[in-house]
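Chemist: The residues making up each chain are set out below.
2 protein chains.
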Amino acid sequence: MQNQMQHWLDKRAALTPDRLALIDGKEELTFRELRERSQRTARKLSGLGIRQGAVVGLLCTSSADFVALVHALTYLGAILMPLNTRLTAHELSFQIEDAACMHLIYDEANGQLAEEVLGRLPQLLLIQAEGLSELQETECSLTAYIDAEAVQSIMYTSGTTGAPKGVMLTYGNHWSSAVGSVLNLGLSSTERWLAAVPLFHISGLSIIWRSVIYGMTIIIHRKFDPANANRAILEQGVTIMSVVSNMLARMLEDLGGRTYPPEFRCMLLGGGPAPRPLLESCAAKGIPVYQTYGMTETASQIVTLPPEYALSKLGSVGKPLFQAEIRIAGERGGDALPGEAGEILVRGPNVTKGYWNRPQATAEAMKGGWLATGDIGYLDEDGFLYVLDRRKDLIISGGENVYPAEIEAALLQHPAVKEAGVTGVADERWGQVPIACVVLREDAQLSEEELREYLKDKLARYKIPARFYFVNMLPRNASGKLLRRELPALAVQAEQAAEQS
Amino acid sequence: MQNQMQHWLDKRAALTPDRLALIDGKEELTFRELRERSQRTARKLSGLGIRQGAVVGLLCTSSADFVALVHALTYLGAILMPLNTRLTAHELSFQIEDAACMHLIYDEANGQLAEEVLGRLPQLLLIQAEGLSELQETECSLTAYIDAEAVQSIMYTSGTTGAPKGVMLTYGNHWSSAVGSVLNLGLSSTERWLAAVPLFHISGLSIIWRSVIYGMTIIIHRKFDPANANRAILEQGVTIMSVVSNMLARMLEDLGGRTYPPEFRCMLLGGGPAPRPLLESCAAKGIPVYQTYGMTETASQIVTLPPEYALSKLGSVGKPLFQAEIRIAGERGGDALPGEAGEILVRGPNVTKGYWNRPQATAEAMKGGWLATGDIGYLDEDGFLYVLDRRKDLIISGGENVYPAEIEAALLQHPAVKEAGVTGVADERWGQVPIACVVLREDAQLSEEELREYLKDKLARYKIPARFYFVNMLPRNASGKLLRRELPALAVQAEQAAEQS
Chain A
2 MQNQMQHWLD KRAALTPDRL ALIDGKEELT FRELRERSQR TARKLSGLGI
52 RQGAVVGLLC TSSADFVALV HALTYLGAIL MPLNTRLTAH ELSFQIEDAA
102 CMHLIYDEAN GQLAEEVLGR LPQLLLIQAE GLSELQETEC SLTAYIDAEA
152 VQSIMYTSGT TGAPKGVMLT YGNHWSSAVG SVLNLGLSST ERWLAAVPLF
202 HISGLSIIWR SVIYGMTIII HRKFDPANAN RAILEQGVTI MSVVSNMLAR
252 MLEDLGGRTY PPEFRCMLLG GGPAPRPLLE SCAAKGIPVY QTYGMTETAS
302 QIVTLPPEYA LSKLGSVGKP LFQAEIRIAG ERGGDALPGE AGEILVRGPN
352 VTKGYWNRPQ ATAEAMKGGW LATGDIGYLD EDGFLYVLDR RKDLIISGGE
402 NVYPAEIEAA LLQHPAVKEA GVTGVADERW GQVPIACVVL REDAQLSEEE
452 LREYLKDKLA RYKIPARFYF VNMLPRNASG KLLRRELPAL AVQAEQAAEQ
502 S
Chain B
2 MQNQMQHWLD KRAALTPDRL ALIDGKEELT FRELRERSQR TARKLSGLGI
52 RQGAVVGLLC TSSADFVALV HALTYLGAIL MPLNTRLTAH ELSFQIEDAA
102 CMHLIYDEAN GQLAEEVLGR LPQLLLIQAE GLSELQETEC SLTAYIDAEA
152 VQSIMYTSGT TGAPKGVMLT YGNHWSSAVG SVLNLGLSST ERWLAAVPLF
202 HISGLSIIWR SVIYGMTIII HRKFDPANAN RAILEQGVTI MSVVSNMLAR
252 MLEDLGGRTY PPEFRCMLLG GGPAPRPLLE SCAAKGIPVY QTYGMTETAS
302 QIVTLPPEYA LSKLGSVGKP LFQAEIRIAG ERGGDALPGE AGEILVRGPN
352 VTKGYWNRPQ ATAEAMKGGW LATGDIGYLD EDGFLYVLDR RKDLIISGGE
402 NVYPAEIEAA LLQHPAVKEA GVTGVADERW GQVPIACVVL REDAQLSEEE
452 LREYLKDKLA RYKIPARFYF VNMLPRNASG KLLRRELPAL AVQAEQAAEQ
502 S
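Protein chains in written order, with the working numbering: chain A, 2 to 502; chain B, 2 to 502.
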């Protein structure tokens with residue numbers, strides 16, 4: 002990759018102008034049309050003051066417009082901040098302020114949420130996506146060459162501290178991710194990638210880049226629905242789909258006795274561990290599941306297990322893509338031996354250079370050119386990666402990352418809460434859900450319902466604990482560190498005590 | 002692409018150890034086996050004094066060993082100089098001396114030629130490829146990380162001056178070429194590329210890199226034979242084949258009424274213009290021809306025409322691959338208009354940084370970051386490239402580049418030759434062949450046979466003119482520049498005069 006590249010959508014529209022770029026319900030756009038729409042949108046956004054280097058929030062549901070807006074920002078050299086529409090105004094405002102974002106583009110479906118954010122951040126300039134069609138275009142020069150080193154997107158992700166940090170991804174990161182993926186998954190001239198994961202997550206955003214780089218059609222589902230997803234695979238020529246376990250399980254249930262056509266060649270399964278029975282059901286139905294491991298910081302998958310190993314290496318997420326590397330940090334420095342568990346370190350041109358305005362967090366995560374993921378895993382004798390524990394006690398619920406520390410911090414803001422511990426427990430539908438153990442201040446009175454109500458404005462719905470347990474003390478080690486892994490047992494005790502009382 | 006990458010063969014052998022890397026007749030090697038053989042060979046070559054940065058000549062016929070030798074040199078960080086086995090000892094010696102090459106690896110089939118070279122360059126260390134198996138391995142450290150900026154190969158190509166120049170290609174050039182090609186041609190997990198073009202040419206060498214980067218099998222034919230090539234496509238699951246027009250025409254003739262199976266998806270046609278009837282025959286037979294334009298300096302194809310345009314854009318070589326760009330230099334500086342002919346300039350991460358030890362030739366060829374190809378062409382309204390005249394009066398005979406200036410220089414060394422002009426004329430079998438017009442010194446006597454005999458040691462057989470015409474003067478412009486395009490007419494006149502006398 003050289004540092005200057007022709008704008009990807011320009012290049013793609015020059016190479017295959019009449020190929021379909023995307024299908025969003027009844028709307029179909031060729032690459033030529035997508036380029037025209039994106040450039041028109043860019044000229045309108047320029048008229049609203051969006052300039053090179055500006056961070057622009059995007060609070061929109063997946064759609065053709067979403068894709069055009071993403072490309073429009075690249076034509077202006079602006080930095081995209083895709084926002085999770087499931088977050089609360091409280092959470093969104095934090096990210097928007099932290100990223101010094103001045104413009105928020107939102108769609109009708111998220112209008113109320115955008116207004117709530119505006120209530121908290123009155124300086125913010127709101128731009129209604131649907132309203133852009135009525136605006137005049139402004140003369141402005143559009144980016145013809147992309148700088149691979151330039152930051153394309155900032156996406157927020159939490160960590161141990163509970164405060165979300167903005168992961169910077171450059172054009173070069175996205176490019177390398179797309180190239181690494183194609184060398185692993187292959188590519189046909191009739192490729193159709195079903196995007197039923199949100200485009201505001203890296204799993205969805207990465208499909209947008211692959212589409213222009215590969216010349217591939219995206220089928221956009223605004224909302225995941227197992228029957229619709231199955232219909233697209235059965236009737237619309239889908240060849241690849243990105244899923245998390247929960248989506249796949251629901252699709253299998255809906256699929257029943259039907260089988261996918263042979264052109265469907267890759268079910269790319271990310272976002273956390275896959276249950277063994279699910280993988281076995283897929284194998285029985287001949288569904289080609291590729292398990293993957295990745296995160297926002299790696300611009301999507303960095304390790305992938307091809308289907309020929311799906312059962313023989315069950316539980317493994319595979320091997321690092323071309324150009325990417327992993328290491329397991331050994332206990333005594335150096336690399337762990339095969340089978341020995343340690344922190345997973347990753348390196349490659351798809352890996353972030355760091356966190357937005359967080360030099361210290363960046364320095365802590367980057368160890369000699371390697372990104373310390375915080376996840377624990379091991380490599381087997383054949384070099385296959387097995388992930389044992391997700392980073393920083395991460396809970397993955399329905400494909401969304403939930404950080405215990407973030408929920409604990411929200412609980413601790415309540416005046417009656419003295420201590421709080423959150424962990425994930427297995428859930429049939431969502432894979433995992435968070436539960437909370439709470440120690441109240443002396444003499445304080447608080448019900449589960451009151452706590453739930455209190456959290457509603459502070460946390461996205463999927464982050465609110467499924468159950469609350471009031472306990473006398475939390476399990477801690479000698480130095481006072483919370484032992485989250487002992488919380489489930491504590492919760493069971495609390496439940497039994499409550500039943501007996 | 003980052004600057005440091007894991008060694009490609011190491012990475013590939015880790016990802017797909019049991020996939021077939023190559024088939025050479027009855028010999029089949031997996032990537033694991035190819036890596037083992039290449040590393041063993043590297044340790045033996047190290048024992049013979051081959052070190053990082055050394056230029057090593059390779060005078061071998063295509064084979065599994067050829068591929069292993071190429072990888073072995075990368076493990077030592079040595080620079081590969083693949084040599085054309087059809088050249089004379091005279092021509093080879095020039096290249097070997099020019100590149101300061103100290104080691105020449107040759108195989109039995111080219112033993113006599115290697116000895117002749119040794120006769121001219123007694124300092125050269127000859128290494129017999131077949132003899133390596135008896136040598137001991139030496140302990141040495143093998144390259145684990147490839148530097149994308151490092152020169153991987155030097156391949157000689159002639160120009161207007163007649164003196165061949167060494168084109169330097171870095172690992173990054175080869176990587177970018179492979180990536181640009183996969184984004185255009187796609188990739189399947191059962192890809193098999195038939196290499197019946199010589200591996201010492203860029204068309205063959207690039208297949209070696211694609212094989213390790215894609216995880217794809219190469220089927221090696223030591224010598225092109227139309228029946229064997231057809232048999233491989235019909236019976237061995239070949240999906241892609243690289244050809245020049247002459248090869249394709251002979252394969253069509255051999256094919257007769259048979260048709261290729263559907264898994265054969267790409268006939269990659271390079272090395273000069275393709276005759277219209279040939280393309281029409283291929284279309285009638287459903288053969289998916291991709292016309293391409295490229296040269297050693299661009300690490301193989303840089304512009305490719307997909308088959309859907311094969312007839313509607315007949316005569317075009319297509320559009321530049323992802324990451325690559327072309328421009329047509331206009332007469333008044335700047336870019337030519339659509340339809341306006343001018344010199345073809347190319348740019349991209351696959352383009353050479355220059356010629357080995359030729360700063361002046363490099364500076365002349367590189368104009369503001371663009372490589373001036375010397376070829377003349379135009380872009381149509383849709384951006385498709387049409388090549389009108391090959392660079393520097395280049396003659397392409399059976400896929401081999403023949404430079405008139407080089408043949409003229411050889412002719413002028415004969416004491417009886419006063420002037421010489423060489424050009425290409427159409428030939429049914431080879432596409433083009435060179436012919437020579439010669440002006441003898443006053444009172445000199447020389448027959449065609451004597452001239453032919455004189456050139457035998459100086460020029461490869463395919464460079465020796467098919468016909469010689471003795472004339473009184475050569476066509477020149479006002480400033481004395483030879484007008485090669487007028488030579489065919491002069492030859493016809495000379496022929497008629499000879500018949501009448």
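Do not take every clue at face value.
So the derived list for chain A, only partly shown, Cβ under 10 Å to chain B, looks like this [unchecked claim]:
| no. | residue |
| --- | --- |
| 1 | G187 |
| 2 | P307 |
| 3 | L322 |
| 4 | E326 |
| 5 | A330 |
| 6 | D383 |
| 7 | G384 |
| 8 | S448 |
Distance windows between CB atoms, simulated [unchecked claim]:
| no. | chain 1 | residue 1 | chain 2 | residue 2 | range |
| --- | --- | --- | --- | --- | --- |
| 9 | A | R87 | B | R277 | 54 to 62 Å |
| 10 | B | D383 | A | Q5 | 20 to 28 Å |
| 11 | A | A15 | B | G369 | 20 to 28 Å |
| 12 | A | S313 | B | K368 | 49 to 57 Å |
| 13 | A | E332 | B | D148 | 27 to 35 Å |
| 14 | B | L312 | A | E135 | 38 to 46 Å |
None of these hints come from the bench; they were simulated from the model.
Cβ coordinates follow ideal geometry from the N, Cα and C atoms, glycine included.
Chemist: Now tell me if each hint is right for this structure.
Modeler: Consistency of the hints with the structure:
1. G187: 4 Å, holds
2. P307: 8 Å, holds
3. L322: With a closest approach of 8 Å, the L322(A) hint holds.
4. E326: Holds - the Cβ of E326(A) comes within 10 Å of chain B, reaching about 6 Å at its closest.
5. A330: With Cβ-Cβ at 19 Å, over 10 Å, it is violated.
6. D383: 8 Å, holds
7. G384: Holds - the Cβ of G384(A) comes within 10 Å of chain B, reaching about 6 Å at its closest.
8. S448: Violated: closest Cβ of chain B sits about 55 Å from S448(A), beyond 10 Å.
9. R87(A) - R277(B): 54 to 62 Å: Once the Cβ atoms are compared, 60 Å apart, the range 54 to 62 Å for R277(B) and R87(A) holds.
10. D383(B) - Q5(A): 20 to 28 Å: 25 Å, holds
11. A15(A) - G369(B): 20 to 28 Å: Since the Cβ atoms of A15(A) and G369(B) sit about 22 Å apart, the hinted range of 20 to 28 Å holds.
12. S313(A) - K368(B): 49 to 57 Å: 55 Å, holds
13. E332(A) - D148(B): 27 to 35 Å: 32 Å, holds
14. L312(B) - E135(A): 38 to 46 Å: Holds - the Cβ-Cβ distance for L312(B) and E135(A), about 45 Å, lies within 38 to 46 Å.
Checked against the numbered hints given earlier, the structure breaks hints 5, 8 and satisfies all the rest.
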